[in-house]
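> Mind docking chain B with the ligands on chain A? Use the hints.
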Amino acid sequence: MQQDIEHISGIFGVEPDIASLLLRYMNWNKERLIEKYMDNAHAVSTAAGIVPPEKSPEPSCSQIGPRRSSRLGISKPSKSKASERSPPAGEPFVCPICFDDTQQETLALACGHLFCRACWGAYVSSKVRTEAESWITCMAEGCALVAPDSFVRTALGDDAQTWARFQELVVRHFVSCMPNLKYCPYPSCSYTVSCPAAASKSALATIVPTVRCGASGAHVFCFGCAIETDHRPVICAVAKMWLQKCRDDSETANWIKSNTKECSKCQSTIEKNGGCNHMTCKKCKYEFCWVCMGPWSEHGTAWYSCNRYDEKASVDARDAQSKSRASLERYLHYYNRWANHEQSARLSAELYAKTEQKMEEMQLASALSWIEVQFMRKAVDESVRCRGTLKWTYSMAYYLEKGNEKELFEDNQRDLERAVEELSELIESPIDPEVIMSLRQKVTDKTVYVQKRNEIMLEDTARGFLEGRWTWNVDVEGFEKD
Amino acid sequence: MAVSTRRLQKELVEIQKQGTPVGITLLSADDFQTWLFTVQVLGDTIYSGELFALKFRFDGQYPIQPPAVQFVVDEKYQAPVHPHVYSNGHICASILGNEWSPVLSVIAVCVTIQSMLASCKKKERPPDNERYVKHAPENPKKTQFVYHDDTV
Ligand SMILES: [Zn+2]
Ligand SMILES: [Zn+2]
Ligand SMILES: [Zn+2]
Ligand SMILES: [Zn+2]
Ligand SMILES: [Zn+2]
Ligand SMILES: [Zn+2]
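Those sequence lines, one after another, are chains A and B.
Each residue of the first sequence is one higher than the one before, counting from 1 in UniProt numbering.
Each residue of the second sequence is one higher than the one before, counting from 1 in UniProt numbering.
Treat the hints loosely; a few may be bogus.
Said to hold, decoys possible - Some chain B residues well away from chain A (every beta-carbon gap over 10 Å; in silico):
hint	residue
1	Gln61
2	Val72
3	Val81
4	Pro126
To be verified - Under the rule of at most 30 Å between Cα atoms (straight-line distance), these lysine-lysine pairs were calculated in the DSS-like manner:
hint	chain 1	residue 1	chain 2	residue 2
5	B	Lys10	A	Lys245
6	B	Lys142	A	Lys240
7	B	Lys122	B	Lys55
8	B	Lys134	B	Lys122
9	A	Lys245	B	Lys141
10	A	Lys245	B	Lys142
11	B	Lys134	B	Lys123
12	B	Lys10	B	Lys141
13	B	Lys55	A	Lys240
14	A	Lys240	B	Lys141
15	A	Lys442	A	Lys358
Unchecked claim - Chain B is faced by these chain A residues, among others (derived, beta-carbon under 7 Å):
hint	residue
16	Phe93
17	Pro96
18	Ile97
19	Cys98
20	Gly121
21	Ser126
22	Trp135
23	Met139
24	Glu141
25	Ala144
Bear in mind the hints are in silico, worked out from the structure with no lab data behind them.
Backbone N, C-alpha and C fix where the C-beta goes; we use that ideal spot for every residue, glycine too.
The shape of chain A in the complex, shown without the other chains:
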């Protein structure tokens, strides 16, 4: 960053402060800046908030050699300009913001809009601290001039903390503009990661650039998009689309799903308000079961628990539900599974604590050493990792076009899901001193198996992207149909 500033400062013959503003304005694209600046230095400087726009266009004859003078103007905001707007000598200055006439120390950018230093300080500090803004424009209404670093520093006076925060914001802006650099998104981590493979947008249709930051092995995130976790195996565009859909739909959809259904006779919407599954439609008096939507008459006395979900009459009744509900149901099928794994991941801290306790119990109940009970922790590690994978496979499956490929994908998904559930059950089973050794064997074996299933899921999906095997039921960025 500093190199770029010095480089630009050198070729344009401007102060480093100005070079920094120019680069920030151009999103740190040095080549483009040089090109634009060589073409019309004044226009770029105006747009970058360095010099005020000219009030009235100068007569065309004076345009012949203005470049030189405008350049001078950039490197040294003229002092005389600022004084133009100062009050006549003798009258005390009254700041138009605070109206405090005891504030006699004033500051202005090159535009000459004069305010007291206390107001500038409060303004700059508020921009930096509350708005996390490093592009600080003049306080005057509609004035687009931007405060260069030295001005910010002067305005902040001895507030070293805010000054440091400002500098950090400038660096963050720089990093965000570099396609092959990214900040680690984990809270309070300030490492940057570079990933040249993800620098091109087209690569994102075939790879999921998952990276790990140098600070901690647990800081795994996607380089290609703003999702702050490992979203393998699904590519960024699909993951993004899914998250957006969840944000848009889940609230209303879940409410409708859990609170209303349509009468399978007359299609009027019915809200469930009590605990009983025996529903009577207010409109047509049809009696049916809330769980399976089948006719109540076939339920006999098993009113407390419906096990008829798959019976013909029930299936038919559900088929009769409206088309829109069908698509909602489809979405919820994937959403609920997604949410289930998401929730498990959120509870993983608890699971780790519980497991820790179990490992201690195990040591007491057997001759195993601390090292020897580590298999439990490994099992939890693996199950958490796999739930992460599973979660994202549901977002992918939702968008996958029906067919052989999707079936194979869902086969892998099912195998992994089943294995993970079995492993979870083992992890949570009570400790019986008699069988600790065999439990240990079972857990270890299952962990290895789950790990293998997870690898297969990830690798096969990744290979599918490279081979162009996946087709979607919606338009996906990078998969434009031709």
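Positioned in the frame of chain A, the structure of chain B with the ligands alone reads:
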């Protein structure tokens, strides 16, 4: 004295001395936290005959940060039907957000909103009105508006 208090005092004195622009009247300014104004849109506009009330709320950050401004919605007043005004009275205007300048005053805000209404050709709510109103925070300053087309 706090900067915000001095500044509001000054603005109040100015209002009392010079009066308010046509169509705008000061309803109450009993303290330096909440001020109320009524706004009428003059001339031949789609809001002729309607009277609205604007509520300003200030914190110690004023005027460095903008005040919280919204239309009053109660038994007496309604929010104008306008593409940038939500039915709960919240206003989506860039001058109350990222285009705020500390030199702008309460009266300047009133005038800007008055002219925003005056230039409107069609009574319409923002397209996301329902969703916004359902989830909106009580204080409009807590909303990160994506400013709609400011030329409307
Ligand atoms: Zn001041
Ligand atoms: Zn200015
Ligand atoms: Zn990190
Ligand atoms: Zn991604
Ligand atoms: Zn019915
Ligand atoms: Zn049933």
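> Confirm or reject each hint.
Hint check results:
no.: 1; hint: Gln61; in the structure: violated (6 Å)
no.: 2; hint: Val72; in the structure: holds (26 Å)
no.: 3; hint: Val81; in the structure: holds (25 Å)
no.: 4; hint: Pro126; in the structure: holds (17 Å)
no.: 5; hint: B/Lys10 <-> A/Lys245; in the structure: violated (50 Å)
no.: 6; hint: B/Lys142 <-> A/Lys240; in the structure: holds (26 Å)
no.: 7; hint: B/Lys122 <-> B/Lys55; in the structure: holds (24 Å)
no.: 8; hint: B/Lys134 <-> B/Lys122; in the structure: holds (24 Å)
no.: 9; hint: A/Lys245 <-> B/Lys141; in the structure: holds (27 Å)
no.: 10; hint: A/Lys245 <-> B/Lys142; in the structure: holds (24 Å)
no.: 11; hint: B/Lys134 <-> B/Lys123; in the structure: holds (21 Å)
no.: 12; hint: B/Lys10 <-> B/Lys141; in the structure: holds (24 Å)
no.: 13; hint: B/Lys55 <-> A/Lys240; in the structure: violated (39 Å)
no.: 14; hint: A/Lys240 <-> B/Lys141; in the structure: holds (28 Å)
no.: 15; hint: A/Lys442 <-> A/Lys358; in the structure: holds (16 Å)
no.: 16; hint: Phe93; in the structure: violated (15 Å)
no.: 17; hint: Pro96; in the structure: holds (6 Å)
no.: 18; hint: Ile97; in the structure: holds (5 Å)
no.: 19; hint: Cys98; in the structure: holds (5 Å)
no.: 20; hint: Gly121; in the structure: violated (10 Å)
no.: 21; hint: Ser126; in the structure: holds (5 Å)
no.: 22; hint: Trp135; in the structure: violated (11 Å)
no.: 23; hint: Met139; in the structure: holds (5 Å)
no.: 24; hint: Glu141; in the structure: holds (4 Å)
no.: 25; hint: Ala144; in the structure: violated (11 Å)
In this structure, the hints that do not hold are numbers 1, 5, 13, 16, 20, 22 and 25, in rising order.
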